[in-house]
Amino acid sequence: GAVVSQHPSWVICKSGTSVKIECRSLDFQATTMFWYRQFPKQSLMLMATSNEGSKATYEQGVEKDKFLINHASLTLSTLTVTSAHPEDSSFYICSAVGTGTTYEQYFGPGTRLTVT
Amino acid sequence: AQSVSQHNHHVILSEAASLELGCNYSYGGTVNLFWYVQYPGQHLQLLLKYFSGDPLVKGIKGFEAEFIKSKFSFNLRKPSVQWSDTAEYFCAVRLGNNQGGKLIFGQGTELSVKP
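Line by line, the protein sequences give chains S and R. Numbered by our numbering, the letters in the first sequence go through residues 1 to 116 in order. Numbered by our numbering, the letters in the second sequence go through residues 1001 to 1115 in order.
Bear in mind the hints are in silico, worked out from the structure with no lab data behind them. The beta-carbon is built from N, C-alpha and C at its ideal position, and this holds for glycine as well. Please note that a few of the clues may not be correct.
Below are the BS3-like pairs computed for lysine-lysine, each with C-alpha atoms no more than 27 Å apart in a straight line [stated by the list, open to error]:
| id | chain 1 | residue 1 | chain 2 | residue 2 |
| --- | --- | --- | --- | --- |
| 1 | S | LYS55 | R | LYS1071 |
| 2 | S | LYS66 | S | LYS14 |
| 3 | R | LYS1049 | S | LYS41 |
| 4 | R | LYS1061 | R | LYS1114 |
| 5 | R | LYS1061 | R | LYS1049 |
| 6 | R | LYS1114 | S | LYS41 |
| 7 | S | LYS64 | S | LYS20 |
| 8 | S | LYS41 | S | LYS20 |
| 9 | R | LYS1071 | R | LYS1061 |
Among chain R residues calculated to face chain S with C-beta under 8 Å, some are [what the hints assert, rightly or not]:
| id | residue |
| --- | --- |
| 10 | ASN1008 |
| 11 | ILE1012 |
| 12 | LEU1013 |
| 13 | HIS1043 |
| 14 | LEU1048 |
| 15 | LYS1049 |
| 16 | TYR1050 |
| 17 | ALA1087 |
| 18 | PHE1090 |
| 19 | LYS1102 |
| 20 | GLY1108 |
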């Protein structure tokens, strides 16, 4: 089946620094990738949708200058949290849709970000 | 705005009990419907999906769901739960037939199964 990986699985950073999270489709070409944020005991909130080679589409209320998304290839999308603050601490999950996936979204394992 | 509502925040059952988790959505057009499960410490996995055709769909691990268009509902059922079904369950809706489109998730239902 389609596999999506994320790296790192967890990261701790200091307030004011930036951190990059990678999302990779391992055995299929991801034409579209999605980035979600999940707070403890809550649902997934879509942050943005990215299509390979084009700019990401951000959901209302998500700061595009703070959460930079790059979908540079058909197997890799990155989310960079710039000038991170403690309130950015969360669980970030990516998913991917692409050729051969019957257009289901396949989810990565998530990245736990803690900003101190 | 379109939304997905899951009625139960936390459900506690004993093993062998029957399960039904409610899911309603607000959108009058064509939808694709999904149920995902998230086991503790693991990523989301697809339980089942409905795109078209028979409104009663069967998924993995003995789960099934029924799409009732008139009620805008897609409830998840399992006749006999096991301790290993303890997890968080999410209903999700994709609007229209945009197969690469975004999902709208419900709030999630935590299922605890007592051995």
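Going down the list of hints, with the structure as the test:
1. S/LYS55 x R/LYS1071: The hint is violated at about 38 Å.
2. S/LYS66 x S/LYS14: holds, 16 Å
3. R/LYS1049 x S/LYS41: holds, 23 Å
4. R/LYS1061 x R/LYS1114: The hint holds at about 18 Å.
5. R/LYS1061 x R/LYS1049: Roughly 14 Å between the alpha carbons, so the hint for R/LYS1061 and R/LYS1049 holds.
6. R/LYS1114 x S/LYS41: Judged against 27 Å, a Cα distance of about 20 Å means the pair holds.
7. S/LYS64 x S/LYS20: holds, 14 Å
8. S/LYS41 x S/LYS20: holds, 24 Å
9. R/LYS1071 x R/LYS1061: holds, 26 Å
10. ASN1008: Violated. Min distance 14 Å.
11. ILE1012: Check failed: Cβ of R/ILE1012 comes no nearer than 15 Å to chain S, outside 8 Å.
12. LEU1013: violated, 19 Å
13. HIS1043: holds, 4 Å
14. LEU1048: violated, 11 Å
15. LYS1049: holds, 7 Å
16. TYR1050: The hint is violated - R/TYR1050 has no Cβ within 8 Å of chain S, the shortest such distance being about 12 Å.
17. ALA1087: violated, 13 Å
18. PHE1090: This hint holds: R/PHE1090 lies near chain S, its Cβ roughly 6 Å from the closest one there, short of 8 Å.
19. LYS1102: Cβ of R/LYS1102 sits 6 Å from chain S, so the hint holds.
20. GLY1108: Nearest chain S Cβ about 5 Å off; hint holds.
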